[in-house]
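Chains as they are written, first to last, in our numbering: chain A, 1 to 408; chain B, 1001 to 1310; chain C, 2001 to 2442.
Some clues are possibly wrong.
Said to hold, decoys possible - Dumping the calculated DSBU-like pairs for lysine-lysine here, alpha-carbon to alpha-carbon at most 35 Å:
1. C:Lys2021 / B:Lys1129
2. B:Lys1010 / C:Lys2351
3. C:Lys2021 / B:Lys1107
4. B:Lys1209 / B:Lys1005
5. A:Lys240 / B:Lys1107
6. A:Lys17 / C:Lys2351
No wet-lab data here; the hints were simulated from the structure.
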Amino acid sequence: MRLNPGLIWTIMRLRLKRVMADRANLIWLVAMPLVFSFIMGELMGNWSSGSSPQFTFIVYGAANGGEQLAEILAPLEDHEDFALVVRDTTASRASIRALLEESRVSGALLVGDGFADSLAAGLTPTVDFFHDSERGSSQRIRGAFEPVFAAAAVRISAQQLVDPAAAADDPGKATAFDVARYDSLVAAPRVRLDAEVLGRSREANLLLTDSRQHSGPSYTLMFILMFLLMGAKDLVQEQKQRTLDRLRLSWASTGDLVLGFFLSGMIVGAFQAVLLLGMNAAIFGIDYGPSPACLVLVMLLFVAVSSAAGLLLGTLSRSGGQADGLGMVLGLGLPALGGLWWPLEIVPPFMQSIGRALPTGQAITIFHDMIGRGWGIAESAPMLLGLTAWLVVLLALAVVFFRRAVNP
Amino acid sequence: MIEIKGLVKKYGSTVAVDNISFSVERGELFGLLGPNGAGKTTTISVLSTLLPATEGAAVVAGCDVAKDADGVRRRIGVVPQEIALYEDLGARDNLNFWGRLYGLSGKDLQRRTEEMLEAVELGEHARQKVSSFSGGMKRRLNLAAGLMHGPEVLFLDEPTVGIDAQARGKILALIRRLNEDGLTVLYTTHYLEEAEQLCDRIGVIDRGKMVALGDKDDLIRQIGDEDTISFLLPPERLDELLTLSTKWDLVGDVEHRRGCARLRVRDTARVLPEIQMWLAGQQLPLDHLEVHRPNLETLYLNLTGRALRE
Amino acid sequence: MLSGLGALVRKDLLRQVRDVKSLVIYLGVPLLLTFIMGISFGGGVFGGSGISAIPMALAGGDLPGGMRDQLTQGLQETGLFTVTWTDSTEAARLVAEGEVRAALILPDELMSRFFQGDDVVFKLWKDPNSQVKAGIVEAIMTGILGQFQAKEAAYRSLWPDDELGEFGELEEPLEEIFSGDPVRAVRALRTDDGALREELLLRFERGASFGQSMQEPALVLDLHDRQDWAAEDDTRPSRNLYDYFLPAFAVFFMMWGTVAIIRDLHRERENRTLARILTGPVNVATVALGKWVTAVIMASTQLMVLLIAGGLLFGVRVGDAPVALLLVAVATAGAAASVYLILGLVVSTEKAMDALTTVFTLVFGMLGGNFFPIDLMPPALHAVGRITFNYWGNRAFSEIITHGKGLFDVVDELLVLSTIATLGLIVAVAIFAVRQRRGVAA
């Protein structure tokens, strides 16, 4: 195939100029990916634990609880997740339910009449905890309250074994309960769990539970793919407007045209990648790992795959509308399947397998491994090879169909 | 049927229509002639209630365009310069829609649609999507859509732009037929031949101003019945021509622009052979020798100093 | 006016239905993505989500066999974990390479350290790329250990002098005695050392008494989950994330679909059919209403198709209150149509409208809870979310679908949506009229 670099560059320059001439493109190129990364990363907080906005947790009937209740609730005061509002007055179950249904509170505790007396008498008083298992804020309150309540229940159960008079005869009874010792032992337990992330930096505890580490790269990938797929309709337009014929009638060979279109897509994609990855690093502090070579390689491969996919779509589509429709299906479907919208680990195993076989799934997996595990080219070789395979197949198909389109 | 007095339309500081006045009688086919950007479409937009006038008054079919827009709209049909049709629908679907918009329904609608399809010779293509039509077919359907509801006045804004001679001929024939049936037509164009062929009276508009208005033949007569002879002439031979021309009873002076000499003569039959002989004797080219009868082009040139298509 | 309106709506619907591309974008893409979401989260006929059988490794060699089996069994019985025992080096490799989500490393000489009163630290190594599953392992382990910590602290606070290391010489190490085999523990009492036997008996009695006390909790926490009281008669097998996301995504796609229809106003302006329509016997209010009605019909149909498809494929219960569902769909579509009509009319070109509506839809989608439950957002943004029409649509759908509510329970939402739709339409018509007066309507 005869190639003319000068002509290829001319075609690339023309396409780039046309892309840049349309200001609306800047929205898709830069603005939307950043807005998405920012809002999704920031608002969703951590997937598993999360940054904690203040929610309201009301305790009704605190007057019934006495000092024991105050002791139970003490660790929850000044909790960073929620504002604890303690009311001496009681409320009906119906009204508490209504408050929860109307989202005016995220959780509520109802302490019934005679709570303190029952407790003192060694009976088993019940407190009602109202929450909504489908609401994150409600679950967080429950998550914070339950351990505190369980620890209090254990303490009170233990205190019921205190009987100084009977202790001499009954080995099952104790003469006293050392509250201070209990509190200190609970606060600094002898048996404990030491959790750490086995990532590339144990000290930094860098972890993808910070969803920005996920949303930054994933929306970068998604918008690159979308933009290059949406560019397919430009190719259809060139065919319709006969400018493609005109180009073909010039010095340009089919190879020049294919490469011109493909490389101009790559330049746009690379520009978008550099801008978005850079801004994600600058604004959100995302550290892409110790291997810049792997970062460059994965982005180049993904941009090339996307550009080839856009070229193929443009050659296969018979109208701009068709290119748009299919572009939309692929531009949204591939990110959804590949785990750019939600982590692949939460979908069923067969969906995970599908996801990892797609270029979107492969690219985001490489990103995760670079960021989380500190992997480089060698460790990510299987996924990089997967992307390369996609590139070869898509580009080969694009060349074949492009030839057919321009030489009918 | 149409009465315009002192119509002005400004866009900011730009004056698109500058104090024009004219009237069109019932059953008349009036041509509004002028180059692109002269203000023809703006005038039609004001008359069809799309644009409010800055100053002046206009009455169409007895209704004031400013005060009784609804009344105007019910009585007029508009065929815009653009193919204002739904290209993703078929010809019949389009006509049905425009008919329904004006309140036609049921059998009346069906009958009228078929009539119009036949009138514009698109009956065989009724179900075909408009996007697959040729330019001429689209233009014909564009015209039919404006006629669906049987308007009293039809505004035609350059209805033959961009189509071939044959298709144009069909459209002009249809317009003539409609006019003969009593339809009042306001026809804008920048094609002089169309205006000459079609219109009874003509208004010439240039840069928003009405520069001439009246009966077509009267207008042409205003500029006299002298012919214009033009031919190529190198500047150094101009003096010789001037000397020679003193015996030809010219109207006005000999003009010489861009290597071309132009003379207005009263007696073409006498002068033309003399010029031919002189040119041949001087071994100057004869193939650019032309005689122009006075027409609207001449009129326009006389009025504005520019050719209509410049 | 009515015949004009009818003609406009009929024409637009005809165009929509005949346009295969719009139908693909309108229904095909949303159906595909709904399907992907459904098989990812919805279960239904396609099985459950990925949050099951989380692979985890356990390491630490010296736990007595019985206790090791108990721990394995206990973890596997939760249904959440698939447990592999290995050594700590291999466990680190498995975690680092993502083959297990987490590894629990038991300390060396666990039992000795425990009975000698030394610190016992379990290590939990988590996969850096596991955003959810490693978190689940940690949460469950923390919960189990929390209970144990409280009980140990309580025991030691009752009998502070009960230090474990003060036992005399025993034939078997103490950790062996307490390794979970009661027969072996009772045999330990055969020691000739009377004082030691007394000491052991005392510990047994204290342990039994303490254990019994812990079995009968001093306090009972009665959990009232809104999901239970909201659907006490609900017999559906299970609910999942998809119950929320099906309507939320349907509304989001409906927003795009509405944009596509309202955008046609600009196309009509550009190909001059709008100007031609406005020279006919219809005013701008009729034209605006025509687009609005078309958008509402198409958008509510789209919503219903998506919801019904989700219901049929993934068992989301959408059919309990069909009238309420339809009314909410129409009201949400009405509000969307009005809002987008305003956005379409404040700009002059299709391109400008595309840019404006894209930003608007994505931001409203996020604020209104179409990407994730609004409840997860900080209160300030939660309040902002309420100004979005899609928030009210999402809320009403959630009430009907997730909570099994009926028409009367979503009256508030319907009122808000209808108000937005009506006021929005009035504002849109006013803008259109102003544009017409200025001569820029068409």
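These are the hints, each one checked on the structure:
Distance hint between Lys2021 (chain C) and Lys1129 (chain B) is fulfilled; the C-alpha atoms sit about 15 Å from each other, no more than 35 Å. Simply put, Lys1010 (chain B) and Lys2351 (chain C) have alpha-carbon atoms about 27 Å apart, close enough for the 35 Å limit, and the pair holds. Distance restraint check for Lys2021 (chain C) and Lys1107 (chain B): the Cα-Cα separation of roughly 33 Å lies within the 35 Å cut-off, and the hinted pair is therefore satisfied. For the proposed pair Lys1209 (chain B) and Lys1005 (chain B), the alpha carbon gap of about 13 Å is at most 35 Å, so the pair holds.
Distance check on the hinted pair: Lys240 (chain A) and Lys1107 (chain B) sit about 40 Å apart at the alpha-carbon level, beyond 35 Å; violated. Taking the CA atoms of Lys17 (chain A) and Lys2351 (chain C), the gap is near 18 Å; set against the 35 Å cutoff, the hint holds.
The structure shown violates just one earlier hint, number 5.
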